[in-house]
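Residue numbers (the working numbering), protein chains in the order written: chain A, 3 to 372; chain B, 16 to 339; chain C, 8 to 341.
These aren't lab readings, by the way, just hints derived from the structure by calculation.
Keep in mind that this is a model prediction, so the values were computed, not measured.
For every residue, glycine included, the Cβ atom is placed at its ideal position computed from N, Cα and C.
Among the hints, a few may not be true.
Here are the in silico distance ranges between beta carbons for each label pair [what the hints assert, rightly or not]:
| # | chain 1 | residue 1 | chain 2 | residue 2 | range |
| --- | --- | --- | --- | --- | --- |
| 1 | A | D212 | C | L214 | 49 to 57 angstroms |
| 2 | C | R277 | A | L215 | 56 to 64 angstroms |
| 3 | A | V199 | B | R22 | 21 to 29 angstroms |
| 4 | A | D212 | B | P111 | 27 to 35 angstroms |
| 5 | C | F303 | B | R247 | 49 to 57 angstroms |
| 6 | C | P292 | A | V199 | 48 to 56 angstroms |
| 7 | B | A65 | A | V206 | 23 to 31 angstroms |
Residues from chain A that keep clear of chain B, each with C-beta distances beyond 10 angstroms, as calculated [what the hints assert, rightly or not]:
| # | residue |
| --- | --- |
| 8 | D204 |
| 9 | S272 |
| 10 | A301 |
| 11 | M321 |
| 12 | G331 |
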Amino acid sequence: MKWGDARLVRSRVIDYIPGVRRGRSPWVAVVFSLHFYLYVMILVARGALWASLFRSPSFGDVCGGIAAVIGLVFFYAASVLPGIVDARPSGKVFADRARRFWAHRSAVVGLVVFLMFVGASFLAPLIAPYDPAAQTEPALQQYQAPSSSHPMGTDKFGRDVCSRVIFGARVSLAVGVFAVLLAAVVGTVFGAFSGYVGGRADDVAMRVVDGLLAFPSLLLLLTLVAFFANSLWLVILVLAGTGWMGVARLVRADVVSLKERDFVQAAVASGIGHGRIVWRHLIPNALGTVVVAATLRFAVIVLLESYLSFLGLGVQPPMPSWGGMVFEGRDVLLSAWWTSAFPGLAIVGAVVSCNLLGDGLRDAMDVRMG
Amino acid sequence: MIRFLLRRLVHAGILVFVTLTATFFVIKLAPGDPLSRYYSPEINPQVMAAVRHQWGLDRPLPVQYARTLWSYLRGDFGVSISSQRPVSDILGETIPRTLVLTLSALSLQVVIGLLLGALSAKNRYSVLDKSLSFVFLVFYSLPSFYFAFVLIALFSLKLQWLPSANMYSIPPVAAGFFAVFADRAAHLVLPVTVLALGSAAALARYTRGSLLDVIHQDFIQTARAKGLPEGRVFWIHAMRNALPQVVTVIGLSVPFLLGGAVVIEKIFAWPGMGALVVDSIFARDYPVVLAANFIGACMVIFGNLLADLSHGWADPRVRLCRRS
Amino acid sequence: MTTETLLEIRHLTCSFRTADGLARAVDDVSFSIMRGETLGVVGESGCGKTVTALAILRLIPDPPGRIDGGEIVYKGANLLSLPEREMRKIRGNEISMIFQEHMTSLNPVFTCGYQIQEAVVLHQKVGKKEAMDRTLEMLHLVGIPDPRTCAKSYPHQQSGGMRQRVMIAMALSCRPSLLIADEPTTALDVTIQAQILELLQSLQERLGMAVLMITHDLGVVAETAQRVVVMYAGQVVETGRVADMFHDPRHPYTIGLQESTPRGSQKGKRLKAIPGRVPDPFHTPSGCRFRDRCPFAEERCAAGKIEMREAAPGHMARCWKDITLVRASEEVES
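Starting from the given sequences, assemble the full structure and let the hints guide the process.
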């Protein structure tokens with residue numbers, strides 16, 4: 003992002019945020035600092051990714067880096083400029099959606115908190131006070147209550163809980179972002195083509211989707227992950243596999259209603275190939291729905307991942323994961339409550355903020371999720 | 016009606032068949048030998064071969080598959096590797112225990128969810144609605160194991176009010192009826208609360224949305240114009256219209272009756288089907304895993320059917336169209 | 008038709024608060040309905056006729072709507088200040104309303120018979136059996152061929168005309184003295200329209216009730232009403248007898264309405280439309296609200312508040328000019 007881009011973006015954003023012109027809205031300060039923060043974050047994320055590629059990257063580093071960049075850009079584009087996903091942007095639609103989103107206090111709070119988690123996830127090496135895997139002599143540091151040197155206390159092995167929570171964000175968010183992206187892509191393509199083709203194939207496809215949707219995913223997850231390799235990529239794959247159906251159904255509904263519109267008929271009449279129509283015309287219009295579905299799905303995936311790591315699947319020690327940390331603290335629930343409490347709160351915080359964000363986006367873009 | 020049921024049965028059959036096949040091949044194709052956990056490396060290879068033969072594991076894969084299918088058709092789910100007991104026996108023991116838990120949770124969930132969702136919709140925009148909506152969101156986003164830990168820490172460890180493990184502390188024959196009943200009930204409280212509140216929040220959110228949609232429809236204005244009291248307009252005219260969708264959602268949560276309590280059962284040491292499944296998965300006890308997934312698929316079908324039927328019962332528009 | 012006033016609306020004002028501002032939907036509206044007469048309320052969409060009707064029964068959703076002021080006097084009492092409990096006794100019982108959308112105005116999950124019976128049980132305090140008898144009687148009265156089957160059926164199983172009849176039966180089941188009909192025939196086919204209008208007229212004669220017929224169709228008014236109220240942009244602009252209204256309109260808007268209605272006698276001639284658009288409800292202009300579209304407008308029309316003036320006995324118009332004179336002079340000139 004060059005400086006020229008920044009100025010263009012900034013001027014567009016100013017036009018569409020309510021109250022900015024009049025300069026009286028108290029949200030202006032919040033909004034502007036948010037934009038500034040995001041802008042800086044994206045720059046830093048790019049830099050961090052470059053830097054990590056030149057060191058010998060651990061899985062966590064690369065994962066966190068890529069996920070953070072993708073996640074930030076994705077959510078920035080989706081939340082701050084909701085109108086951008088409309089293929090035929092008209093100023094009024096832009097402004098309406100943006101205004102509706104920013105008028106939702108809870109949605110903005112959700113966005114802010116969620117971005118804090120995202121920021122923490124890749125700034126982890128920088129902001130975590132200690133090395134999350136650093137064990138000290140157990141006798142000395144074990145189960146220390148929260149204090150000024152360890153704001154969230156230490157766990158059984160003397161590791162700092164706060165650092166572990168921050169690094170745990172990496173895993174949860176990385177898994178979430180990748181799984182959601184995969185689910186969104188697969189679901190969108192599947193749903194768009196199914197809706198466009200219509201007829202018998204569409205019927206069959208939707209029946210398959212409905213059948214898959216009703217499945218209790220946890221059992222399936224467990225079976226698959228436990229029986230095959232206990233790797234994070236499998237977890238991501240499986241979680242994406244449980245999520246794409248919802249997206250597919252919603253996109254298909256959108257495409258079916260869009261198909262009848264004039265601009266599609268015009269495109270067909272001028273001889274544009276079907277694939278191109280779907281790709282260039284239909285999918286961009288359905289992106290609003292996809293964004294909302296993806297955000298809400300993200301929350302569910304983070305939740306599911308915590309269940310998996312609670313049961314010991316997916317993330318392997320010593321890499322910290324919120325669910326696993328809660329599990330580790332089960333024996334000392336009362337005596338060393340901080341060991342389970344803080345990771346659990348992190349899970350709740352991430353999922354709640356994501357849900358708030360998704361709800362706000364849904365209201366702003368007026369998407370019917372029925 | 017008959018045609019509808021027949022069609023659904025055919026779909027059901029296909030779904031079950033597909034599930035069974037998929038699970039079977041996932042398990043069989045997974046790396047590792049299912050029997051590897053049960054013997055030490057020094058065992059006599061001939062004994063090993065004999066055991067394999069007994070279990071039918073030396074046959075080619077398609078044959079194993081066919082045999083499994085055939086035995087399932089006959090209702091025979093095989094024998095558990097880890098406990099050497101027929102799987103149907105094990106299931107027969109554990110399923111009722113899980114059902115006690117999940118049915119209580121389901122009833123509680125429905126009552127709380129519907130009531131709170133309706134209250135929230137009725138007093139829209141009020142402080143009550145906003146705080147309730149936030150509460151719903153928090154409980155909906157709460158991982159059940161965390162909620163369970165919090166409750167255990169508070170009620171079981173700190174206050175010592177309620178037990179946190181197993182189904183009972185007093186053996187059935189040891190004490191009088193009331194004491195036994197109270198003991199069982201006490202053991203139920205915590206796990207049921209955890210299960211019910213999380214899903215009640217989801218149901219409440221859904222009910223609220225559904226009711227808000229209904230409230231804006233024209234016939235509500237007609238009902239008011241007739242002079243009906245506001246209470247009747249809301250609880251009878253509006254609720255009754257939101258019922259079809261709500262009932263469908265409840266029907267769709269039937270599959271979770273058996274599978275949804277997995278984590279809870281592990282935490283509270285409740286010897287039900289969820290715990291059984293998790294243990295068998297980790298123990299690679301594949302006959303049990305296969306049977307559990309099969310039962311799960313059946314529950315899904317049953318739940319869908321129930322959801323459809325109850326939707327038809329609740330919404331006359333759907334019901335009559337189908338018959339014609 | 009007697010000359011006894013059944014319901015009188017005095018200076019009614021209602022507004023709606025929306026994201027775009029405060030909209031005055033009804034501004035200082037006054038008119039009265041006589042016992043047993045049919046009063047037509049005419050105007051284009053958005054002129055406030057439906058809001059006025061809803062205000063009579065206090066059905067305006069609050070938020071975002073609000074009754075700012077005025078009185079609605081019925082049987083000596085001001086309906087706007089009545090406690091809700093009392094108001095409920097009037098709704099459906101003494102004053103009933105039927106709506107435009109027959110498809111969505113009946114509850115889809117209850118049978119037609121149940122919905123009618125409900126009102127009877129509530130207001131007349133009779134048992135279910137007797138209520139059902141009355142229901143069947145009403146269904147027969149509104150011209151439904153097989154009342155018993157209809158009562159057991161659901162709204163979606165009936166045609167549009169039948170549904171409207173069911174609504175009429177529901178509204179009249181407690182023998183109200185005033186029926187408010189909000190565009191009852193707009194959503195129906197033309198042939199059914201005529202049937203429903205005829206039905207309403209015969210029922211009115213039989214039951215001796217007054218009808219407030221809200222419509223945008225002058226033809227309906229001409230056929231059914233004895234007196235007319237013309238509304239524009241939230242205000243009453245003309246009231247009077249139907250005959251006077253059609254032969255001697257006193258407000259330019261009424262003239263415009265009549266001239267823009269296609270008539271067989273005008274075949275081959277160009278349709279005359281009223282130029283311009285309805286004023287923005289959030290920024291109502293000062294003076295006469297019709298002046299931007301009025302062919303007779305002058306500077307005087309832009310200032311102050313234009314009051315209703317009695318142009319002829321029983322014939323009021325919100326215009327200070329004597330239009331007939333102006334038109335006569337124009338005809339002489341041309």
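Comparing the hints with the structure gives:
1. D212(A) and L214(C) have their C-beta atoms about 53 angstroms apart, which keeps the hinted 49 to 57 angstroms range intact.
2. Checking the proposed 56 to 64 angstroms range against R277(C) and L215(A) shows it holds: the Cβ atoms sit about 60 angstroms from each other.
3. Look at V199(A) against R22(B): about 24 angstroms separates their beta carbons, and that is inside 21 to 29 angstroms.
4. As the Cβ distance of D212(A) to P111(B) is approximately 30 angstroms, the hint placing it in 27 to 35 angstroms holds.
5. Range check, F303(C) to R247(B): about 53 angstroms between beta-carbon atoms, so the 49 to 57 angstroms window is met.
6. A beta carbon spacing of about 55 angstroms between P292(C) and V199(A) agrees with the range 48 to 56 angstroms that was offered as a hint.
7. Under the hint 23 to 31 angstroms, the C-beta atoms of A65(B) and V206(A), about 48 angstroms apart, miss the expected range.
8. Separation of D204(A) from chain B is adequate, the least Cβ-Cβ distance of about 17 angstroms exceeding the 10 angstroms criterion.
9. Residue placement check: S272(A) keeps its beta carbon more than 10 angstroms from all beta carbons of chain B (closest about 40 angstroms).
10. The Cβ of A301(A) does not lie farther than 10 angstroms from every Cβ of chain B; its closest approach is about 7 angstroms, which violates its non-interface assignment.
11. Distance to chain B confirms M321(A) as a non-interface residue, since its nearest Cβ pair spans about 19 angstroms, more than 10 angstroms.
12. For G331(A), the requirement that its beta carbon stay farther than 10 angstroms from each beta carbon of chain B is not met, with the minimum near 8 angstroms.
Of the numbered hints stated above, those contradicted by the structure are hints 7, 10, 12, listed in ascending order.
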